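J.: Okay, here's what each chain looks like letter by letter:
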Amino acid sequence: MATHFLGDTAVLTGRTLRHVTRSLDTILTTVITPIAMMLLFVYVFGGAIDTGPVSYVNYMLPGILLITIASGISYTAFRLFADLQGGIFERFQSMPIARSGVLWAHVLTSLAANAISLVVVVGVALLMGFRSGAGVASWLAVAGILVLFTLALTWIAVIPGLTAKTMDGASAFSYPLIFLPFISSAFVPTGTMPGPVRAFADHQPATSIVNTIRDLLTERPVGSDIWTALAWCVAILVVAYVFATMAYRRRIS
Amino acid sequence: MDTHQAEGPAIRVQGLEKSYKDLRVLRGVDFEVARGGIFALLGSNGAGKTTVVRILSTLLKADAGTARVNGFDVAGQAAGVRESISLTGQFAAVDEILSGRENLVLVARLRHLKAPGTVADDLLRRFSLTEAGSRRAATYSGGMRRRLDIAMSLIGNPPVVFLDEPTSGLDPEARIEVWQAVEELAEGGTTVLLTTQYLDEAERLADRIAILHGGRIIVNGTLAELRRLLPPAEVEYVEKQPSLEDVFFAVVGADSQGREARANEK
Numbered sequence: 001m002a003t004h005f006l007g008d009t010a011v012l013t014g015r016t017l018r019h020v021t022r023s024l025d026t027i028l029t030t031v032i033t034p035i036a037m038m039l040l041f042v043y044v045f046g047g048a049i050d051t052g053p054v055s056y057v058n059y060m061l062p063g064i065l066l067i068t069i070a071s072g073i074s075y076t077a078f079r080l081f082a083d084l085q086g087g088i089f090e091r092f093q094s095m096p097i098a099r100s101g102v103l104w105a106h107v108l109t110s111l112a113a114n115a116i117s118l119v120v121v122v123g124v125a126l127l128m129g130f131r132s133g134a135g136v137a138s139w140l141a142v143a144g145i146l147v148l149f150t151l152a153l154t155w156i157a158v159i160p161g162l163t164a165k166t167m168d169g170a171s172a173f174s175y176p177l178i179f180l181p182f183i184s185s186a187f188v189p190t191g192t193m194p195g196p197v198r199a200f201a202d203h204q205p206a207t208s209i210v211n212t213i214r215d216l217l218t219e220r221p222v223g224s225d226i227w228t229a230l231a232w233c234v235a236i237l238v239v240a241y242v243f244a245t246m247a248y249r250r251r252i253s
Numbered sequence: 001m002d003t004h005q006a007e008g009p010a011i012r013v014q015g016l017e018k019s020y021k022d023l024r025v026l027r028g029v030d031f032e033v034a035r036g037g038i039f040a041l042l043g044s045n046g047a048g049k050t051t052v053v054r055i056l057s058t059l060l061k062a063d064a065g066t067a068r069v070n071g072f073d074v075a076g077q078a079a080g081v082r083e084s085i086s087l088t089g090q091f092a093a094v095d096e097i098l099s100g101r102e103n104l105v106l107v108a109r110l111r112h113l114k115a116p117g118t119v120a121d122d123l124l125r126r127f128s129l130t131e132a133g134s135r136r137a138a139t140y141s142g143g144m145r146r147r148l149d150i151a152m153s154l155i156g157n158p159p160v161v162f163l164d165e166p167t168s169g170l171d172p173e174a175r176i177e178v179w180q181a182v183e184e185l186a187e188g189g190t191t192v193l194l195t196t197q198y199l200d201e202a203e204r205l206a207d208r209i210a211i212l213h214g215g216r217i218i219v220n221g222t223l224a225e226l227r228r229l230l231p232p233a234e235v236e237y238v239e240k241q242p243s244l245e246d247v248f249f250a251v252v253g254a255d256s257q258g259r260e261a262r263a264n265e266k
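For the protein sequence lines, the chains are A and B, in the order given. The numbers in UniProt numbering rise by one with no breaks, and the one at position 51 of the first sequence is 51. The numbers in UniProt numbering rise by one with no breaks, and the one at position 235 of the second sequence is 235.
Careful, some of the hints might be misleading.
To be verified - Only part of the chain B face toward chain A is listed, based on derived beta-carbon distances under 7 Å:
(1) 78
(2) 82
(3) 93
(4) 95
(5) 106
(6) 110
(7) 114
(8) 131
Unchecked claim - Pairs of lysine to any residue, SDA-like flavour, derived with a Cα cap of 20 Å:
(9) A:165 with B:121
(10) B:61 with A:87
(11) A:165 with B:91
Source of the hints: derived by calculation from the structure; they are not laboratory data. Keep in mind the model is a prediction, meaning the values are calculated, not measured. Note that CB positions come from ideal geometry on N, CA and C, so glycine has one too.
With the sequences and hints as input, model every part of the structure.
T.: Below, the structure written as structure tokens:
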């Protein structure tokens, strides 16, 4: 079966990608919350937040990008859940194909859909005055981190997609993920937060990821944050992948 | 993989057991299905028909017992089983966002066939879906969706086809359309395992009928053999009343949508 893995995954990915391109409203609803937040923070709250020499839109874009991904992956859970409900998942599982290709197709589609959303959000940020003099290497590094973060969150999304009992349950898990950047350095420097909150903010994944992307985009030297960020992403990815695989095994046995 | 390698019965099930927690659904199911023809597994809701089909199509592992499909063991040779079968579940498993044709092409691609487009067009014609082929499956009626579902199951000509309650939730006309499709399938030499809770469906379609009850097969035979289980018929004189089905088709006649659509496409 291994010989078919790439071909089957490609065919199945083509199918789920069509789901995305034929329901562009999913992209729209994915980007509308981050864009609304961006407008709110830049034009309402931003003036009162001291971010030093960095303009506020430049400061908060990394956090907005994480929120975009967190809201985008809930559609992955949604699409997977719909496949299970509709019976097409079982049809695929009873066919002579590389079975895990069904999951990988959803994961790859998640990457593609989130990439589109991220491009749209960055485009809006540019209109709002976001500027970066970062070179190609820095942008590639930013893209790499975002891909890794998307992969990690997507494998988290696979778990409720496979185990949820209702459509609401399948997508509700993403709300805490969307709010995680708020208690981080994404919108306000953590220095202004009271002790325990600051301790949480400084040590949760979003802060190191946001700091790394911000440093890369504002052409500042990237500190040890990048290693913390990568470690978080890889750790989340591995743990989520293990649990997702367990949920998958339980589902197909 | 040679899907026709195996001799012997198309399906052989021995001592199959399956429990969901404390609920013992299958308590030792035994039956054999000869090659070709239609075998109906009859039972009320919750009798375990779907559980049997899910085990035979490698979606579920049995707790005990063995099952072979086309000579392949469902536990040890799952890949061989999947090469040999096709499953049409209780809920028409079509991709609603894709068109009918795209659904067929998708399955043809996954079965690694050479000309997926030609395969799709042939099946659309055979199942009177040519006109609807480019429309999203979400717009199909229940009967059309079922026909598409069954058409998807035929791609690659698997020697064994499982149809799990293929007519549940369909209106009488769509039901007859599905029956015709199943009959054509069997005429082509495919072995069909059909589960149903409709007695008339089993009576109309099946060469052999097995009744699953209380977790076991309690009878298994041809319709004639099953009839002999009861005392011989007594001759009574009864006024022949038209059945509701006769009335329905007399009243609805050829104006009905489904038949019209079929007629137009012919």
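J.: Each of the hints needs a verdict: does it hold here or not?
T.: Cross-check of the supplied hints:
Violation of the interface hint for residue 78 of chain B is found here, the shortest Cβ-Cβ separation to chain A being roughly 9 Å, above the 7 Å cut-off. Because the closest C-beta pair between residue 82 of chain B and chain A is about 4 Å apart, less than 7 Å, the hint holds. With a least beta-carbon distance of about 3 Å to chain A, the hint placing residue 93 of chain B at the interface is held under the 7 Å criterion. Below 7 Å, beta-carbon pairs count as interface contacts, and residue 95 of chain B has one with chain A at about 6 Å; its hint therefore holds.
A least Cβ separation of about 6 Å between residue 106 of chain B and chain A falls short of the 7 Å threshold, and the interface hint therefore holds. Annotation: interface hint on residue 110 of chain B holds; nearest CB of chain A at approximately 5 Å, less than 7 Å. The interface hint given for residue 114 of chain B is violated, since its Cβ lies 13 Å from the closest Cβ of chain A, which is over the 7 Å cut-off. Nearest Cβ of chain A to the Cβ of residue 131 of chain B: about 21 Å, over the 7 Å cut. The hint is violated.
A hinted pair counts as satisfied when its Cα atoms are at most 20 Å apart, and residue 165 of chain A with residue 121 of chain B does not qualify at roughly 37 Å. Using a Cα cut-off of 20 Å, the hinted pair residue 61 of chain B and residue 87 of chain A holds, with the two alpha carbons roughly 18 Å apart. Restraint check: the Cα-Cα separation between residue 165 of chain A and residue 91 of chain B comes to about 17 Å, which is no more than 20 Å; the hinted pair holds.
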